[in-house]
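Trainee: The task is simple: from the sequences and hints, build the whole structure.
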Amino acid sequence: MNIDWQKAGIKKLAAIISAHLQKNGIEVVLVGGACVSLYSDNQYMSYDIDLITESPIRKIIPVLDELGFKNTGGRLFENSQCKFLIDFPAPPVSIGDEPISKFNNLKARFGTICLLTPTDCIKDRLAAYFFWNDQQSLDQAVMVAKRNKIHLPEKKNGLKSKAK
15 MNIDWQKAGI
25 KKLAAIISAH
35 LQKNGIEVVL
45 VGGACVSLYS
55 DNQYMSYDID
65 LITESPIRKI
75 IPVLDELGFK
85 NTGGRLFENS
95 QCKFLIDFPA
105 PPVSIGDEPI
115 SKFNNLKARF
125 GTICLLTPTD
135 CIKDRLAAYF
145 FWNDQQSLDQ
155 AVMVAKRNKI
165 HLPEKKNGLK
175 SKAK
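Numbered according to this note's numbering, the sequence shown spans residues 15 to 178.
Accuracy of the hints is not assured; some may be wrong.
List time: in silico BS3-like cross-link candidates among lysine-lysine, alpha-carbon distance up to 27 Å [said to hold, decoys possible]: (1) 121 - 97; (2) 21 - 37; (3) 26 - 121; (4) 84 - 26; (5) 97 - 21; (6) 97 - 26; (7) 37 - 163; (8) 116 - 73; (9) 121 - 37; (10) 84 - 21; (11) 160 - 73; (12) 25 - 116; (13) 84 - 97; (14) 84 - 160; (15) 163 - 116; (16) 116 - 160; (17) 73 - 97; (18) 25 - 97; (19) 160 - 26; (20) 37 - 25; (21) 121 - 21; (22) 121 - 73; (23) 84 - 25; (24) 37 - 26; (25) 73 - 84; (26) 25 - 121; (27) 25 - 73; (28) 26 - 163; (29) 97 - 37; (30) 73 - 26; (31) 160 - 121; (32) 25 - 163; (33) 160 - 37; (34) 163 - 97; (35) 84 - 116.
Label-pair distances were calculated between CB atoms; the ranges are [to be verified]: (36) 145 - 57: 18 to 26 Å; (37) 76 - 97: 37 to 45 Å; (38) 145 - 123: 17 to 25 Å; (39) 165 - 76: 14 to 22 Å; (40) 16 - 146: 35 to 43 Å.
None of these hints come from the bench; they were simulated from the model. Just so it is clear, CB atoms sit at the ideal spot from N, CA and C, and this is done for glycine as well.
Mentor: Below you can see the structure in the form of structure tokens.
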């Protein structure tokens, strides 16, 4: 597969990287701003792709090297031809101290992307808003909510209790 990394959009890139990692036995879940980009039809554009995995970085390095992504130290990878950074935040997939175990699978031309559900994407952005008072995160939550069906938690100990 000949990839023009300069023209690759976030969906294509996330699909290619997810599929390549999976082919090599590394399961990942897309989280963060890239989820907002996908769920907002790129109304918000993230330039990093956050993938959470239980696999160690030392196992990921040679796999991403095959795609031209070099480890820049720690958990970050870059390709000089690509405008996106790849980041591997520490596992597990969670929002605050709430573990997440149900995900969406978004089929794309170059592979399937496992990612947060729209509801969990919104909860993640709201948690960032409450925790860091980050207005941009609130705006992102609204973008996702306007374009997707969401399921509000019935638990009373959800985000509201974390905001106190």
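Trainee: Which numbered conditions among the earlier hints are violated in the structure presented, ordered from lowest to highest?
Mentor: The structure breaks hints 7, 11, 14, 33, 34, 35, 37, 38, 39; every other hint is satisfied.
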